[in-house]
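Peer 1: What follows is the residue order along each chain.
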Amino acid sequence: MEIPRHWRLKKQRYGLIGEVCPHCDSKIFPPRDICPDCGKEAKDEFAFSGAGEVYSYTTIYNAPSGFEHTIPYTVALVQLEEGPLITAQLTDVDEEHVSIGMPVEMVTRKLREDGDERGMLVYGYKFRPKLVVAA
Amino acid sequence: MTENLLLKPSRPVGIIGYGAYVPRYRIPATEIARVWKGGGAVPIKEKSVPGLDEDVATMSIEAARNAIARAGIHAHQLRAVWVGSESHPYAVKPTSTIVAEAIGVVPHIQAGDWEFACKAGTEAMVAAMGLVGSEMADYALAIGMDTAQGKPGDALEYTAAAGGAAFVIGPAEKSLAVIEATYSYVTDTPDFWRRAYQKYPEHGSRFTGEPAYFEHVSKATETLMGELGTTPDDYDYAIFHQPNAKFPTRAAKMLGFKQEQWEPGLLAPVIGNTYSGAAIIGLTATLDIAKPGDRILMTSFGSGAGADCMSILVTDELLNRRDKALKTQDYIARRKEIDYATYARMRGKITMK
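Keeping their order, the protein sequence lines are chains A and B.
Residue 1 is where the first sequence starts when you use this note's numbering, and the numbers rise one by one after that.
Residue 1 is where the second sequence starts when you use this note's numbering, and the numbers rise one by one after that.
Honestly, the hints are just simulated from the structure, not real lab data.
By construction, the Cβ of each residue, glycine as well, lies at the ideal position given by its N, Cα and C atoms.
Check each hint, because a few of them may be wrong.
Calculated pairs, BS3-like style, for lysine-lysine (alpha carbon to alpha carbon, straight line, at most 30 Å) [said to hold, decoys possible]:
no. : chain 1 : residue 1 : chain 2 : residue 2
1   : A       : Lys10     : B       : Lys8
2   : B       : Lys93     : A       : Lys11
3   : A       : Lys10     : B       : Lys324
4   : A       : Lys130    : B       : Lys151
5   : B       : Lys8      : B       : Lys291
6   : B       : Lys324    : A       : Lys27
7   : A       : Lys130    : B       : Lys291
A few chain A positions that, by computed beta-carbon distances, are all more than 10 Å from chain B [claimed, not checked]:
no. : residue
8   : Asp92
9   : Tyr123
10  : Ala134
Based on the sequences and whatever the hints tell you, model everything.
Peer 2: In structure tokens form, the structure reads like this:
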């Protein structure tokens, strides 16, 4: 059971809330209170747009504990529009249609159950191919 | 009997923003019939199926984000987040707090989950009208969303689908559509239920028609129009709860509405019955194509049983906000067909232990 950890991370996980450096305007995710670019204190909240593109990806067939129910699934390094490179699952996509440079957008999805069917549900960000407007 | 049966707030209210959500997967009704050797005509073409990582919380979050994008307000301006559903992810623990946290509304809010079979969404809308209409709050978020359950092989399995919509309710002068009035017709009619700890609902077969759906839908609609002094000709569009394709079209015809009035909101044939989301996703699809000055009638129905009817008048603001989020048809066009085996896996019908 990791309830305190899930609770502590909910903001960044549900809504991609990171930080912006007040000194060099660098956008930071995950939030770490110190700017990785200029090394100064950076505690100002920043909501990322959720737009980005696939930097690299791989498909998982042998999942770690807690993720067995959704295999196979694709995990990607997503380059966010605002700069940071983050790791996340892709969703609503078939593996053969994933490519480097593919535009993606953040959605909040169920990540896993904490423990078994009695445990809390853990939600967080995933990315899907950017949805297009129907013609 | 009270003198005026209409529910009409003292401060006029309306829809400030709206948003829909439909998952990506579809299973054709013929595929369900193939497995269960169902004979005769199927009630719809296909239904939507939620992905393995989707539930009422995640789907509500996306619809809510669309509604807030159209509303153009800051999430902190909302004072209530109410989610109506009969498939809340938890038996005990609110869906609404998860949604509220994800869209950044917490902590100065009312939050709660509503349940009234298929009309929990419109019930939340009426409550939001009360909150705003009484000036206790300026903005409230009402959501109707479901990942409906159908027993394998049962008639309901052909239609029990996933989807819904969210509405930011606020003052009429800032709205894209004014809610002129609403009226609800409710009785204790046991046409459909699911007991505690049961996975699948039970229904009273043909009993779901006349004494339940048609009685409540027609009484709610006739009373609202009677009290408002309107007739079907006064409406450009009409939406009725859509458990299948047959019921809403029959109800619409019985009440004197024409095909062009109900067609834009009739989505059951291509997404199925989205339960708490069924009438209101018909409303979002209709708002996606309506013009300023258009009048829309919507009647939801929830088993058990009751119907909420609303008369809605579109304002000029609709055109400024409509394109600020994905439209209902954008989600319907995003479609991946799955077979029964994949459907059984996605809906948790395969026991792993």
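Peer 1: Verify the proposed pairing of lysine 130 of chain A with lysine 151 of chain B, using a straight-line Cα cut of 30 Å.
Peer 2: Between lysine 130 of chain A and lysine 151 of chain B the Cα gap is close to 34 Å, so the pair fails against 30 Å, i.e. violated.
Peer 1: Would you check whether the claim that tyrosine 123 of chain A is not at the interface survives, using Cβ distances to chain B and the 10 Å cut-off?
Peer 2: About 6 Å separates tyrosine 123 of chain A from the closest Cβ of chain B, which leaves it inside 10 Å; violated.
Peer 1: Check the hint pairing lysine 324 of chain B with lysine 27 of chain A against an upper bound of 30 Å on the C-alpha distance.
Peer 2: holds (25 Å)
Peer 1: Does lysine 291 of chain B lie within 30 Å of lysine 130 of chain A when you go C-alpha to C-alpha?
Peer 2: Answer holds: lysine 130 of chain A to lysine 291 of chain B is near 28 Å, not above 30 Å.
Peer 1: Keeping to a limit of 30 Å between CA atoms, is the pair of lysine 10 of chain A and lysine 8 of chain B held or broken?
Peer 2: violated (39 Å)
Peer 1: For the pair supplied as a hint, lysine 93 of chain B and lysine 11 of chain A, is the alpha-carbon distance within the 30 Å limit?
Peer 2: Satisfied, since the Cα-Cα distance of roughly 18 Å is no more than 30 Å.
Peer 1: For the pair supplied as a hint, lysine 10 of chain A and lysine 324 of chain B, confirm whether the alpha-carbon distance does not exceed 30 Å.
Peer 2: holds (27 Å)
Peer 1: Measure nothing beyond the straight line between the CA atoms of lysine 8 of chain B and lysine 291 of chain B; if it is 30 Å or shorter, mark the hint as holding.
Peer 2: At roughly 24 Å apart (the allowed maximum being 30 Å), lysine 291 of chain B and lysine 8 of chain B satisfy the hint.
Peer 1: If I take the minimum Cβ distance from aspartate 92 of chain A to any residue of chain B, is it greater than 10 Å?
Peer 2: violated (5 Å)
Peer 1: When you look at the beta carbon of alanine 134 of chain A, is every beta carbon of chain B farther off than 10 Å?
Peer 2: violated (4 Å)
This entry does not satisfy hints 1, 4, 8, 9, 10, going by the numbered hints stated previously.
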